[in-house]
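Enquirer: Residues per chain are reported as follows:
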Amino acid sequence: MLRVPVSAESSGQRQSQPLAIDVRGIRRVYDTKPAPVVALQGVDLQVEPGEFFGLLGPNGAGKTTLIKILTTLLLPSEGTAKIFGFDVEHQTKQIRRIMNMVAGGEQSGYGILTVREQLWMFSQFYGLPSKDGWRRVDELIEAVGLDEQREQRVSTLSTGQRQKMNFARGLLNDPWIFFLDEPTLGLDVAAARAVRELVVAWKAAVPGRTILLTTHYMAEADELCERIAIVDHGRILALGTPDELKRRVQRESVFRLEVDRLDGGPGSLRGLPGVLSAAAAAAQDDGKERQTVEINLALRDDGVLGTVVGTLAERGSHILGLRKSEPSLEDVFVELVGRGFDEELDDDVPRDSIDHDDSDDGPAPDLTPDPRDTAHEPGEREEEEAVV
Amino acid sequence: MSNAFAYRPTASPQEAAAWSRRQILLTDLRTIAGRAYPRVRGMAREKSWVFFEILLPFLATSAFVFVYRALQAPPEYIGFVVLGGAMTAFWLNVIWMMAQQLWWEKSQGNLELYFAAPMNIMSVLFGMAFGGFIMASTRAAAVLVVATVIYGVTFAIDQWFLLLAVFFLTLAALYGLGMVLASLFLMWGREAWHLTQLLVEPVYFVSGLNFPVARLGMIGALAIATLPLAVGLDAMRQLAFADAAYPIGTPPPEIEALILVGMTIVFTLLARFTLKRLERRARQEGRLSVRWQ
Amino acid sequence: MSAFEATSGATSPAAGLAPPEWGGFDPARTRGGPGDVMRAFKTSTVLGWQMEANWTDPILFFIYSVAKPVASALILVFMLEVIAGGSRPEYRAFVVVGSALWAFVLSGMSGLAWTVLDDRERYRMLKYVYVSPSDFLVVLLGRGVARVAVGGMGALITLLFGVLLLGVPFDFTTVNWPLFVVVMASGLVSIVAIGVMLAAVCLQTRQESWSYPEAVGGALFLVSGAVFPIVVLPQAVQAIGLLTPLSWWIEGIRQSLFPGGITSVGGDGSLFQSLTGQPVPAPAQIVVALLVTGTVATLASIAVFRTSDRRAKDRGLLDRTTGS
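Residue numbers (the numbering used here), protein chains in the order written: chain A, 1 to 388; chain B, 1001 to 1293; chain C, 2001 to 2324.
Source of the hints: derived by calculation from the structure; they are not laboratory data. You may find that some hints are simply not true.
Stated by the list, open to error - Sample of chain B residues facing chain A (criterion: CB under 8 Å; computed from the structure):
| # | residue |
| --- | --- |
| 1 | Gln1014 |
| 2 | Gln1023 |
| 3 | Gly1152 |
| 4 | Leu1288 |
The C-beta atom is built at its ideal place from N, Cα and C for all residues, glycine as well.
All chains, please: the whole structure from these sequences, using the hints.
Expert: Structure (structure tokens):
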């Protein structure tokens, strides 16, 4: 896991600054044929300065639309959005000076230029003096691992190399807020990991910077983000830290336990207080003789584990392995929406013929974020270990 | 790594967002240089343009020279054609490399990055124009010099300063018009491609590329009032062939120079206005990203 | 024997695929043939027309089809008026016909060249067309046909404009239709051949080569007798004109539509006269010259295209973008 340390210092910085992202009631309708498409339906979102925030949702959820509004490329149909207090509609110049963006699958640039030249050109757009620009470009090329490609033409780069170059472009102006729109889209495992590591390294190197990441890769959001908003059909369905979101669906604590022996078998644990179920792990049912016993345990909460461990000790069993099973963010999504990321329900309306007349809908589901899921209040965040 | 990532750290985003006028101006100037860079490097890296942008246009100009020779026209008409042939280089630069360039950038996926950056989009267009200007100047100079030598054109220039001033004012007005067209083309999408086609021969005709525009009567007058190419060519003809036995243009070049000054101011201000308005409209309709329209 | 083998009659594992009627692989499809070629040509022609005709404003399309060729003709007509006044109506017919026909030439050349640039730079489809079984040259020709058709419309409109409004004398009863049909058909093949050569060049060059078709058109304008008789050119340059199929095409169309008019290829003191002893080429001479020069141009264009194609594959040029 690549989480970034969150220090009290950056937490203190957050208190003195306006919100990095302050979205209120944003609605965006695209006037398309045969019918308008409502891409965002009244979104509210607040991101603290220095946060690594994720927007997680399937294709067509409205993530890119929201990011385009925040990066001043698109106007909302209704509502307001501010970046560090600057309004996206009327204060675009100020926002563009302090932000940058990188999208996945980006094929921009001029194929005839080398990597170095391409980046220098963009450094000029951000006002860097020419010499400073060349120096910064060289530093960033080295930082992102494109040393060998620096004099190579952009048109000859591989997808992963191009994305590293895009990432370097995004860092040229040392942005206060960095928008990443599916940055690992289309990259292989190694290249995607490299990009994620770069993101984390950057955030660690320049404390106080904010990142908004949109992705439909659950593991990526889980791995990188301090807080996540799950988005679907233009609405935020849930908001919280990855652990908080998973706790919404995890009604019990599930463990996989391996012991050297267990008199009475797994079933003998069922009678213990707080044990909801205890069964042999699936691999134990194949009839093969084993030296150990693997058990799937479902407990009311983590506290019951102590009782189980004590009971096992009394019976002379030795614990050889213990692993907690956690629900994934996809489980959270399924719980919220009733389908997986890749599925469409039979009665789902095709995206491009959504009737956005709310009066025709039944009572809307209660999708307002649970206040208990709100991120830590400023000042309350504890020191967390970065697990790499 | 932290040295590489941090660059002039500021205390707050508000401080980072507060640019001075000097910083804004320097950024725009650097943007011009930055955007011109790919054009200039491109010229050096792929040299087919020397054949297609210099030799062949010279031959095209020669075709019109021979039309007049076939008609046994007075020698100054050969000069008109040569001068017109040289100036077409700049007109083509404006419509191919400026007017539809923003639309091209959208197709390439670069337009979003330009608008997400803090510089003025007019600086980007200036940079494109400057980069293309080098190629256009080379073409114009080649046509002018070679055709003058081969076809024995004799210029009679009394007012060098005014001629150079008119030339640069024509360019300034042309590029101002190019910026206006760039913003319109950004909105008209695919029409931009066809409109560029529309702006070649019809503009050559109403600008009097190969003949005095006054022969077009009211159309010519309208062209003088609206098209930088028409005004500039007419003035340059009068100044380059000052010893012509009969008036070869109207109004006098001094008046036409003033018209060009007015056009430059009007087109530049109009470009600023239209770029801002159309950027807003493009943001409203989501057109900065849609590739094919 | 598997169920598939039993049903399909295949006797080896490799051939034991689902039969075609079940949606399986049909080996016959790999063999190509005239049917496949025609299908590819027809599909790409329809695609080309849909792309060319996909205007949101049909009026703009009409203006584009009219304004461009008519303006070209008017430039020349006014040049003529400035010098000769209204005293040489036969010259007016000469320049109107020449500039109308030139619309064909430009659209044919640019159509194919721009197809390559469009597909490579804008739509990024070039590589997908290449990996399909269709021959790219066939697809290119099909796409180019649409632009030639647009050019044809412009040519017709310019001729009508000239006859109706510019006083070009035209007598329907004197038209040499057999000569017109043969020359038009052969000439269009030559135009497309030149277009293929340009497309081959564009496969190697960068995005800025959008203007190359016009540049080449301008150069050919000089030697093909489109707007002035080539007798005014130096003899060495006249020779180039006589070797160009476009010169014979334009001459043939002129002679068929306006018999007895000014010749673009011949004339007193011309190279043609010194070679043949005649001031004006006969229809048979025009047809033969057109067929010979057209054949050479067509063979050359195929060779150039194949060479460029190979080079592009060798250097990975098919899926690059080259904007600047």
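Enquirer: Next step is simple, just say for each hint if it's right about the structure.
Expert: Against the structure, the hints:
no.: 1; hint: Gln1014; result: holds, 7 Å
no.: 2; hint: Gln1023; result: holds, 6 Å
no.: 3; hint: Gly1152; result: violated, 40 Å
no.: 4; hint: Leu1288; result: holds, 5 Å
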